[in-house]
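Trainee: In the order they appear, the protein sequences are chains A and B. Heads up: the first sequence begins at 1 in this note's numbering, then just goes up one per residue. Heads up: the second sequence begins at 282 in this note's numbering, then just goes up one per residue.
Calculated from the structure, these hints are not laboratory results. Predicted, not measured: the structure shown is a model, and the values here were computed from it. Cβ coordinates follow ideal geometry from the N, Cα and C atoms, glycine included. Careful: at least some of the hints might be erroneous.
If you only want the chain A side, here are some residues facing chain B, beta carbon under 8 Å, derived [said to hold, decoys possible]:
1. A22
2. N23
3. K33
4. L129
5. P136
6. M140
7. T212
8. S236
Using 25 Å as the maximum straight-line C-alpha spacing, the simulated BS3-like pairs for lysine-lysine come out as follows [unchecked claim]:
9. B:K351 to B:K338
10. A:K208 to B:K496
11. A:K193 to A:K270
12. B:K455 to A:K33
13. B:K469 to B:K481
14. B:K455 to A:K208
15. A:K270 to B:K455
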Amino acid sequence: MSWLLFAMLFWVVALWVNIRLANSSLSETRAVKLAVPVIFGVTVLVVWEGVVRGLEVPPVILPPPSAIAVKFATSLPILWEDFVQTFIKGTLTGYILGCGSAVAVAIAIDRSDFLQRGLLPVGNFIAALPIIGTAPIMVMWFGFDWQSKAAVVVAMVFFPMLVNTVQGLAASEAMQRDLMKTYSASYWQTLLKLRLPAAMPFIFNGLKISTTLALIGAIVAEFFGSPIRGMGFRISTEVGRLALDMVWAEIAVAAIAGSVFYGAVALIEKGVTFWHPSQRG
Amino acid sequence: MKSILPILTVVAAIIVLWYGAAVWLNSKWVYDQAARAGVEVSFSEVVKQTMNQERPKLPAPHQVAAELWKTTVEKKITSKRSLIFHSWITLSATLLGFAIGTGLGILLAVGIVHNRAMDMSVMPWAIASQTIPIIAIAPMIIVVLNSVGIQGLLPKAIISAYLSFFPVVVGMVKGLRSPGMMELDQMKTWNASPAQTFWKLRLPASMPYLFASLKVGIAASLVGAIVGELPTGAIRGLGARLLSGSYYGQTVQIWAALLAAAILAAGLVGIVGLIQRITLRRMGMAQ
Numbered sequence: 001m002s003w004l005l006f007a008m009l010f011w012v013v014a015l016w017v018n019i020r021l022a023n024s025s026l027s028e029t030r031a032v033k034l035a036v037p038v039i040f041g042v043t044v045l046v047v048w049e050g051v052v053r054g055l056e057v058p059p060v061i062l063p064p065p066s067a068i069a070v071k072f073a074t075s076l077p078i079l080w081e082d083f084v085q086t087f088i089k090g091t092l093t094g095y096i097l098g099c100g101s102a103v104a105v106a107i108a109i110d111r112s113d114f115l116q117r118g119l120l121p122v123g124n125f126i127a128a129l130p131i132i133g134t135a136p137i138m139v140m141w142f143g144f145d146w147q148s149k150a151a152v153v154v155a156m157v158f159f160p161m162l163v164n165t166v167q168g169l170a171a172s173e174a175m176q177r178d179l180m181k182t183y184s185a186s187y188w189q190t191l192l193k194l195r196l197p198a199a200m201p202f203i204f205n206g207l208k209i210s211t212t213l214a215l216i217g218a219i220v221a222e223f224f225g226s227p228i229r230g231m232g233f234r235i236s237t238e239v240g241r242l243a244l245d246m247v248w249a250e251i252a253v254a255a256i257a258g259s260v261f262y263g264a265v266a267l268i269e270k271g272v273t274f275w276h277p278s279q280r281g
Numbered sequence: 282m283k284s285i286l287p288i289l290t291v292v293a294a295i296i297v298l299w300y301g302a303a304v305w306l307n308s309k310w311v312y313d314q315a316a317r318a319g320v321e322v323s324f325s326e327v328v329k330q331t332m333n334q335e336r337p338k339l340p341a342p343h344q345v346a347a348e349l350w351k352t353t354v355e356k357k358i359t360s361k362r363s364l365i366f367h368s369w370i371t372l373s374a375t376l377l378g379f380a381i382g383t384g385l386g387i388l389l390a391v392g393i394v395h396n397r398a399m400d401m402s403v404m405p406w407a408i409a410s411q412t413i414p415i416i417a418i419a420p421m422i423i424v425v426l427n428s429v430g431i432q433g434l435l436p437k438a439i440i441s442a443y444l445s446f447f448p449v450v451v452g453m454v455k456g457l458r459s460p461g462m463m464e465l466d467q468m469k470t471w472n473a474s475p476a477q478t479f480w481k482l483r484l485p486a487s488m489p490y491l492f493a494s495l496k497v498g499i500a501a502s503l504v505g506a507i508v509g510e511l512p513t514g515a516i517r518g519l520g521a522r523l524l525s526g527s528y529y530g531q532t533v534q535i536w537a538a539l540l541a542a543a544i545l546a547a548g549l550v551g552i553v554g555l556i557q558r559i560t561l562r563r564m565g566m567a568q
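Chain A on its own, in the form it takes in the complex (with noise of 0.2 Å):
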């Protein structure tokens, strides 16, 4: 009961500061604009830590955040071994291998305007495709290893990245692409001093989008078969066990892996796209 009452207290007390802060003369400031969320999420864990010890929750169900976090800190080694076969092996390479050629079809076809008009609308189409259910066939063609899971990688990033990659080589205005010309420049060097760094938003973008659409490939892909390692496989087959501690421990890993794999994306895309206008700020 004391867990129930502490939980509610705690949470009325943030809901306090949070609404003062909020619309306090200082919520403009960067450390009240990271110290809301903050709050909000700590809140978050210790309602659901004070829920869970004063109801009895059986850990079988819903386990506190505590045991969560000390499960997390014991396992560290299957974690590192589930985090290197999804994270490094299947999803990284995958992406690698999806982005790049995703970009090099687009500068192939940037060339001829009706493969273009083909290729785009069907590039469309197969992008809102549930293009995970191809996970069993590749586990099929390239055995249950990383392989399988970079392979469903790449058919997932695959027509997103296409469909940015060529939607931002069209983005240079006719104006630029007439002062190349006055330049005399030849295909390439408008391609690679014009064309490209304009694409590097709409590039971008598509790669920010594939890193989440990877890492979901690689780990659902793991649901299909896999070694006895990975992220996917763990999840599985610890929540057929009832061992959910371990399951949301591997979810805390995907959830970091995730928004670090984005977050490294994004700061790339500042560094390259610094004079856009979104990244001026």
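Following the hints, put chain B in place on chain A, whose structure we already have.
Mentor: Showing chain B alone in chain A's frame:
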């Protein structure tokens, strides 16, 4: 309409590539069979045999089409082998989840736009959640709800709702904020109440953003429903068809289920797109 020819060309090229890949991938089995029987096979013979294997590495398009026809038109829709039956299982979970997720998402977005504290505490998390693979919690939701006695449609719908929720929140917040200073000032000069501003300015202005996220959301809902069918084992739904196909090496069945899922997704996105076009045109917002 001048895009029809290029699109058809690309689709035809994909089918030709598919046939080529089918010959290439399936020929090994034919050669192995021939070597075991001790006979020589000519190339044309190989091509013929790669088209009609029972468990090919890559089924040829006509095999998948035949399987689709067989499992949709020729089977009763109540049959466990009917793809329409399985598609309906998946579709119902998708639609229920999509409705829940969209409804809650719009509500939260309205809250965020009107309440500063909510905006500052929830919005960063909603944006961050789009970078993490939330689908990873799908197996847990299914199994946990199963252990407290909730089975069938609802657990899958919750996953679908969860996946469509965040895109809708983020898109809807953007949309509700899209009216500029000038328009908001105009409402003020008319002495409009916050409710009037909401109904007459913010909500109509948010429609293009809402529909853009609805398209993302319904595709995500379908993926959620399919993935939600995996952990319960291969029982019902398109996800189950994929899983049982992969257990028993029934490649034709996998491809048929995959194509059914693709048709479903295309149909759903198409319907949302159609509603979008009609709504925006009647609102005078069509580009």
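Trainee: Could you run down the list of hints and mark each one as holding or not?
Mentor: Hints versus structure:
no. : hint             : in the structure
1   : A22              : 4 Å, holds
2   : N23              : 6 Å, holds
3   : K33              : 7 Å, holds
4   : L129             : 5 Å, holds
5   : P136             : 3 Å, holds
6   : M140             : 7 Å, holds
7   : T212             : 6 Å, holds
8   : S236             : 5 Å, holds
9   : B:K351 to B:K338 : 20 Å, holds
10  : A:K208 to B:K496 : 19 Å, holds
11  : A:K193 to A:K270 : 19 Å, holds
12  : B:K455 to A:K33  : 18 Å, holds
13  : B:K469 to B:K481 : 12 Å, holds
14  : B:K455 to A:K208 : 19 Å, holds
15  : A:K270 to B:K455 : 22 Å, holds
The structure fails none of the hints (numbered hints given earlier).
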